[in-house]
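Trainee: So the chains spell out like this:
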Amino acid sequence: MALRPYWKGYLKLSLVTCPVNMTPATSESEKVRFHTLNRLTGNRVVSQYIDSVTGKPVEDGNDAKGYARGENDYVILTDEDLDAVALETVKTIDIEKFVPANSIASVYLEKPHYLMPDNSVGNEAFAVIRDAMKADKVVGMSKLVIGRRERAVILEPREEGIVLWSLRFGDEVRPEESYFEDIDNEADPDLIPLVQQLIRKKSAHWSPDMASDPIQDSLLKLISKKKKAMKPSNKTARGEPDASAKSNVVNIMDALRKSVAAELKSGKAR
Amino acid sequence: MASGHRAQWKGFLKFGEVSCGVALYTAASTSERITFNSINKVTGNRVNRVFIDSETEERVEREDQTKGFEIENGQFIIIDPEEVAATIPESNKTLDVQAFIPSSEVDDIYFDKPYYLTPDKMGAEAFAALRDGMRKSKVAAIARAVLFRRMRTVLIRPQGNGLVATTLNYDYEVRSSRKAFEEMPKLNIEGEMLALAKHIIGTKRGEFDPASFEDRYEAALAELVKAKIEGKALPKRKSVEVSKPSDLLAALRESAGLMKTASHKPKRTAANANAGTGRQRAARGAAEKAASSKAVPQRKAS
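Protein chains in written order, with our numbering: chain D, 14 to 283; chain Z, 904 to 1205.
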């Protein structure tokens, strides 16, 4: 699994520093991806940059990032310039604090990354930090510049490595109270045992198959069919709509009883 | 319910034979990062993007653009957007609970976007019963629904008086952590090293409110741009010194504030006795960091 690291830098706890690298834990590379084609020629459509004033195409390598200083006046910044931003958090994940595992509300979790030692020099120092967090059931808090923003990040030990989560900013997360304030805070106590009975009947262990993508499967089928035929076909399976009516269930108790009975009959009960 | 907010989706939550009217509200938005303009280095003008045919290099208008799937060596199968649309099942507006899984088995690596899930008036009773039943049984629900033109798997968990529904990334989008970490050596840290590291953690325990976090990047970038305009030397970060494996124990001891003098060897049992010294040392570390780049990083005694 020699994936090209997405970021290289250092992990630091007090006076202990080790070289690390990081790759995103999620990726869209396996997703069925379409390209844009020119219907008339069947060739690919590509984007091209043109100068907004001269109207001429801009040669590759001549486009640069510009920071607007005024109307039509830009300061050009190279990648090396950007790398020189005077923040230690561009290259170093300095663990400032430790908080109990699971104390960060999950709505703040934005994107997971896998963090690991970059070379054997750092193996032991990395393992010390990881194992101490494991032993104390804590996660580390730090800051890191990702995608030209400084993010709050948490570090969670997982197996041999560490998962680094970037956190959403405070103004990106909406307070749950204003959504939940009108909801009953107590359920009818007679209903709860029935719900729990239903839960038992429908209980399962987590498996990644639960997050499968049936549409991607249909697309792949469509593509392979086309590839075989190499001519367009009009027949594509339309998903059959589930016609069951979803309106008001008047008696929840009855419905729950029916559910439990149905589950029992289906023999899936554990 | 949830007055004053606009629902992202309205439909039904179905578990067993029970269904109740619910709405999904975005729990988190994404704010924009700093955007740059693309500039032609030669003229200093902004650049615009146009779409051209890769062979003829002529402009291709939007109505002439279609979708294609690359099979091999640059060969494409043209697929009509309508054919793609036909693969999407018609939405039945239902979050259909497929299973309940133990809360301890929830794998957050799959988490995509969080939504607040709330009932309508008619559904309030069933909603509250499900929420409390799940909480008592310590489970999360796995539901499926057509959301925003894709079939999504949604993890539903009780939170306060409501439910939080988190869309999950597809199985093929999540890299296995086992595979990612498989080449790492299996090291188990024990004894003094672990005790020292735990001691350091003890001195840095605290609380964190993500809402209070400030992004300093834009200010740092503005400084950089100013320096560049004024033709000043760009700021330089201190170089980082990596702890050598042979220095690791000394670095841990020093971090834990145990190393009074280079010659004095602390006893193992002292690992937890010196929290005060540890804090002092940590404060000194912070002061050093704030000081100018001239500050020489503290080295470990050998």
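No lab work stands behind these hints: they were computed from the structure.
For clarity, every value in this text was computed on a predicted model and none was experimentally measured.
All C-beta atoms, glycine included, are put in the ideal place defined by N, C-alpha and C.
Treat the hints with care, since some could be wrong.
Short, incomplete list of chain D residues facing chain Z, as computed with Cβ under 10 Å [to be verified]:
hint: 1; residue: R17
hint: 2; residue: W20
hint: 3; residue: T49
hint: 4; residue: F111
hint: 5; residue: N136
hint: 6; residue: F139
hint: 7; residue: K156
hint: 8; residue: E173
hint: 9; residue: Q210
hint: 10; residue: R213
hint: 11; residue: I228
hint: 12; residue: Q229
Chain Z regions said to be covered by chain D (calculated; three or more residues, Cβ under 8 Å) [unchecked claim]:
hint: 13; region: 984-992
hint: 14; region: 1004-1011
hint: 15; region: 1033-1042
hint: 16; region: 1071-1083
hint: 17; region: 1134-1147
Here are the simulated lysine-lysine pairs, DSSO-like style, with alpha carbons at most 30 Å apart [to be verified]:
hint: 18; chain 1: Z; residue 1: K1089; chain 2: D; residue 2: K147
hint: 19; chain 1: D; residue 1: K104; chain 2: Z; residue 2: K1129
hint: 20; chain 1: D; residue 1: K147; chain 2: Z; residue 2: K1139
hint: 21; chain 1: Z; residue 1: K1141; chain 2: D; residue 2: K78
hint: 22; chain 1: Z; residue 1: K913; chain 2: D; residue 2: K44
hint: 23; chain 1: Z; residue 1: K1041; chain 2: D; residue 2: K69
hint: 24; chain 1: D; residue 1: K44; chain 2: D; residue 2: K271
hint: 25; chain 1: D; residue 1: K124; chain 2: Z; residue 2: K944
hint: 26; chain 1: Z; residue 1: K1089; chain 2: D; residue 2: K21
hint: 27; chain 1: Z; residue 1: K1147; chain 2: D; residue 2: K239
hint: 28; chain 1: Z; residue 1: K1101; chain 2: Z; residue 2: K913
hint: 29; chain 1: D; residue 1: K150; chain 2: Z; residue 2: K996
hint: 30; chain 1: D; residue 1: K104; chain 2: Z; residue 2: K970
hint: 31; chain 1: Z; residue 1: K1129; chain 2: D; residue 2: K21
hint: 32; chain 1: D; residue 1: K44; chain 2: D; residue 2: K238
hint: 33; chain 1: D; residue 1: K124; chain 2: Z; residue 2: K1135
hint: 34; chain 1: Z; residue 1: K996; chain 2: D; residue 2: K44
hint: 35; chain 1: Z; residue 1: K1041; chain 2: D; residue 2: K104
hint: 36; chain 1: Z; residue 1: K970; chain 2: D; residue 2: K110
hint: 37; chain 1: Z; residue 1: K1089; chain 2: Z; residue 2: K944
hint: 38; chain 1: Z; residue 1: K1135; chain 2: D; residue 2: K147
hint: 39; chain 1: D; residue 1: K44; chain 2: Z; residue 2: K1082
hint: 40; chain 1: D; residue 1: K110; chain 2: D; residue 2: K78
Trainee: The structure should be examined with respect to each hint, and the outcome stated for every one.
Mentor: Here's how the hints hold up against the structure:
no., hint, in the structure
1, R17, "violated, 13 Å"
2, W20, "violated, 14 Å"
3, T49, "holds, 5 Å"
4, F111, "holds, 5 Å"
5, N136, "holds, 6 Å"
6, F139, "holds, 8 Å"
7, K156, "holds, 8 Å"
8, E173, "holds, 4 Å"
9, Q210, "holds, 9 Å"
10, R213, "holds, 7 Å"
11, I228, "holds, 5 Å"
12, Q229, "holds, 7 Å"
13, 984-992, "holds (count 6)"
14, 1004-1011, "holds (count 6)"
15, 1033-1042, "holds (count 8)"
16, 1071-1083, "holds (count 12)"
17, 1134-1147, "holds (count 10)"
18, Z:K1089 with D:K147, "holds, 15 Å"
19, D:K104 with Z:K1129, "holds, 22 Å"
20, D:K147 with Z:K1139, "violated, 36 Å"
21, Z:K1141 with D:K78, "holds, 26 Å"
22, Z:K913 with D:K44, "holds, 27 Å"
23, Z:K1041 with D:K69, "violated, 63 Å"
24, D:K44 with D:K271, "violated, 40 Å"
25, D:K124 with Z:K944, "violated, 34 Å"
26, Z:K1089 with D:K21, "holds, 22 Å"
27, Z:K1147 with D:K239, "violated, 58 Å"
28, Z:K1101 with Z:K913, "violated, 48 Å"
29, D:K150 with Z:K996, "violated, 41 Å"
30, D:K104 with Z:K970, "violated, 40 Å"
31, Z:K1129 with D:K21, "holds, 28 Å"
32, D:K44 with D:K238, "holds, 18 Å"
33, D:K124 with Z:K1135, "violated, 37 Å"
34, Z:K996 with D:K44, "holds, 25 Å"
35, Z:K1041 with D:K104, "violated, 40 Å"
36, Z:K970 with D:K110, "violated, 49 Å"
37, Z:K1089 with Z:K944, "violated, 50 Å"
38, Z:K1135 with D:K147, "violated, 46 Å"
39, D:K44 with Z:K1082, "holds, 19 Å"
40, D:K110 with D:K78, "violated, 35 Å"
Violated hints, in rising order: 1, 2, 20, 23, 24, 25, 27, 28, 29, 30, 33, 35, 36, 37, 38, 40; the structure is consistent with all others.
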